[in-house]
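Q: One letter stands for each residue in the lines below.
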Amino acid sequence: MTPFLSLSAAMTKGLLRDRAAVFFMLVFPLMFLVLLGALLKDSGLSQSEIVQVGDVKVLDDIPAKERAELRDVLRIEKTDGSAAARKEALEKVRKGDTDAAVYQRPGGRVELRYSAADQVRAGNVQGVLDSIVQQANQKATGRPPAFQLRTSTLQDQSTKPIQFLTPGLLGWAVAMSGVFGSAFNLVNWRKKRILRRLWLAPIGAGSVVGARVGVNLALAFAQTGIFLAVATLPYYGLKLTGHWWLCLPLIACGTLAFMSIGLLVGAWAKSEEAANGLAQLIVLPMAFLSGAFFPLDDAPGWVRTVSGFLPLKHLVQAMEDVLSRGEGWGAALPAMGGLLLFAAVLTLIASKLFRWDAA
Amino acid sequence: MVEHAISAKGLRKRYGETQAVDGVTFDVAQGEFYGILGPNGAGKTTTLELVEGLREPDEGTARLLGSPSWPRDRTLLRRIGVQLQASAFFEKLTAREQIRTFASLYGVPADRADAMLDTVGLVDKAGTREDKLSGGQAQRLSIACALVHDPELVFLDEPTTGLDPQARRNLWDLLRQINAEGRTVVLTTHYMDEAETLCDRVAIMDHGRVLRAGPPRELVEELGCDSLEDVFLQLTGREYRE
Ligand SMILES: Nc1ncnc2c1ncn2[C@@H]1O[C@H](COP(=O)(O)OP(=O)(O)OP(=O)(O)O)[C@@H](O)[C@H]1O
Ligand SMILES: [Mg+2]
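From first to last, the protein sequence lines are chains A and B. Last residue of the first sequence: 359 (my numbering), numbering continuous. Last residue of the second sequence: 242 (my numbering), numbering continuous.
None of these hints come from the bench; they were simulated from the model. All C-beta atoms in this analysis are idealised placements derived from N, C-alpha and C, irrespective of residue type, glycine included. Worth double-checking, as some hints may not be accurate.
Calculated lysine-lysine pairs in the DSS-like style (CA-CA distance at most 27 Å, straight line) [said to hold, decoys possible]:
1) B/Lys92 x A/Lys192
2) A/Lys87 x A/Lys41
3) A/Lys191 x B/Lys92
Okay, the calculated bits of chain A under chain B, using three or more residues with CB under 8 Å as the criterion [said to hold, decoys possible]:
4) 117 to 129
5) 200 to 213
So these bits of chain B aren't anywhere near chain A, every CB distance computed over 10 Å [what the hints assert, rightly or not]:
6) Gly23
7) Gly60
8) Arg78
9) Ala86
10) Ala88
11) Asp111
12) Glu229
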């Protein structure tokens with residue numbers, strides 16, 4: 001085995017045998033994806049549910065084709081027209097189990113009962129039903145409509161939570177393993193005097209640095225694979241757009257940038273505890289400020305200014321672009337360049353602070 | 001002139017207020033067994049580190065097998081083996097994985113690494129993690145890692161500290177054997193009997209300087225002492241060192 005391979009193997013084993021490290025780098029971020037993904041799953045949907053009590057002509061007459069289109073925005077559950085059924089439906093509305101109840105009075109008047117608790121939903125239901133009734137009225141005149149407004153809810157993929165959760169949480173996971181991986185490695189090897197021992201072995205610095213970078217890249221790609229596999233499960237429903245594979249070079253550049261932060265932390269910290277604390281202090285706020293957990297669209301201006309300097313922000317944004325918005329090299333290249341530049345500058349600073357000994 | 005295995009000239013190293021090594025000059029011939037003795041803090045480890053090329057001397061030079069040890073020279077490093085005073089292991093790896101990793105850094109195959117583990121009597125502990133080895137077992141592993149690539153020149157910093165009598169005797173046999181094969185061995189020790197039985201020559205150090213150097217028996221005679229231990233105490237005093 002070459003020194004590069006055997007050092008990579010030594011690092012990989014050291015990493016995988018460290019249960020806490022495996023948990024924090026692989027399991028912990030994945031837990032976030034699994035839980036947040038499930039919690040926020042439906043929050044972006046605008047589908048309304050109504051209960052139709054008995055026959056309602058305007059609804060029953062909707063042609064099959066239109067009915068199918070309507071299904072995205074409105075789900076109709078039909079019950080019999082008895083007084084008991086009506087009472088039950090109204091009770092459901094009151095409890096919030098359904099968005100509205102609709103029934104027809106003798107004489108053709110359509111009654112819609114909705115709860116005002118959720119204004120948005122109430123408005124939605126009202127709007128949809130109103131347009132159905134208007135269309136029916138217009139048809140009843142027997143003349144072609146003079147004006148037509150074709151509405152269709154634009155189901156913007158990127159607003160589905162999983163579409164921003166995946167790049168955000170994946171970016172955060174890669175940032176954690178990059179920063180912690182290199183910081184811990186550096187501090188631990190210094191403490192264990194392995195750095196000095198390696199100095200006395202006939203190997204180049206390239207083998208050591210290369211092995212560490214290689215292990216971290218492999219880890220980051222593993223994280224990416226697992227994240228995408230989970231997020232694209234039908235239950236979570238992530239839709240990958242055409243250039244999704246561009247997230248791989250992005251992840252690679254991001255890993256280098258985060259490792260350079262780790263190098264800086266490791267060069268400064270004297271103990272693993274100090275490295276751990278400092279790394280946490282950097283990664284967690286960075287994740288929040290970079291929109292890894294929630295989008296920053298509504299964030300105050302200063303937050304967005306600060307986040308402009310954070311590598312994670314650019315990684316997350318570029319990954320959102322290629323994973324969910326169908327963008328290509330144009331979105332990926334500037335981010336990759338910035339991440340590499342960031343990595344180069346920090347590595348340079350870290351090399352000035354580098355110490356062989358713990359003392 | 002036969003090339004010296006080690007030729008150190010005027011080595012000096014200062015740590016802040018401490019002059020750890022203060023003008024050390026010595027030569028070690030090829031195939032010689034050389035011992036460095038001295039009280040705690042005398043500067044033995046620092047001297048070895050300067051000679052090995054682990055640290056840059058403030059002043060002076062050290063040549064190993066004809067090449068300067070500083071700056072780092074990878075072809076030279078291939079020919080020397082070093083056991084550091086405090087053992088240096090990869091975290092969470094077993095004894096076998098440690099020595100195989102070190103072996104591969106020198107391009108030595110795994111079976112040779114396993115054989116070395118056998119030589120130091122660690123076959124039973126091959127699957128044990130580095131942090132679960134006893135002090136003496138870790139010491140033996142560290143020595144095995146230093147010897148795995150058959151170096152021509154071996155540096156051992158207190159190799160027998162923490163070893164039980166059996167392991168100590170075994171290590172003596174091993175060191176005598178590799179010395180008999182023509183390899184040069186340099187060690188530091190606090191055991192005077194060890195220095196007397198193993199070393200062709202010893203240097204007694206204190207305060208970063210070599211006080212006296214020569215074959216143990218000659219030193220005993222010259223100073224009119226009974227044993228090397230008396231020589232040591234006479235040269236370095238009887239007070240405690242921190
Ligand atoms: N990395 C260091 N930084 C600062 N001072 C050091 C360092 N290494 C050694 N010293 C100091 O240099 C002096 C010589 O230390 P050295 O380790 O060479 O002694 P030694 O002879 O090997 O002692 P021992 O028998 O205890 O191993 C000591 O006073 C020590 O405190
Ligand atoms: Mg010492």
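Q: Give a verdict on every hint.
A: Against the structure, the hints:
| no. | hint | result |
| --- | --- | --- |
| 1 | B/Lys92 x A/Lys192 | holds (11 Å) |
| 2 | A/Lys87 x A/Lys41 | violated (31 Å) |
| 3 | A/Lys191 x B/Lys92 | holds (14 Å) |
| 4 | 117 to 129 | violated (count 0) |
| 5 | 200 to 213 | holds (count 5) |
| 6 | Gly23 | holds (24 Å) |
| 7 | Gly60 | holds (19 Å) |
| 8 | Arg78 | violated (4 Å) |
| 9 | Ala86 | violated (6 Å) |
| 10 | Ala88 | violated (4 Å) |
| 11 | Asp111 | holds (13 Å) |
| 12 | Glu229 | holds (31 Å) |
In summary, the structure is inconsistent with hints 2, 4, 8, 9, 10 from the numbered list given earlier, while agreeing with the others.
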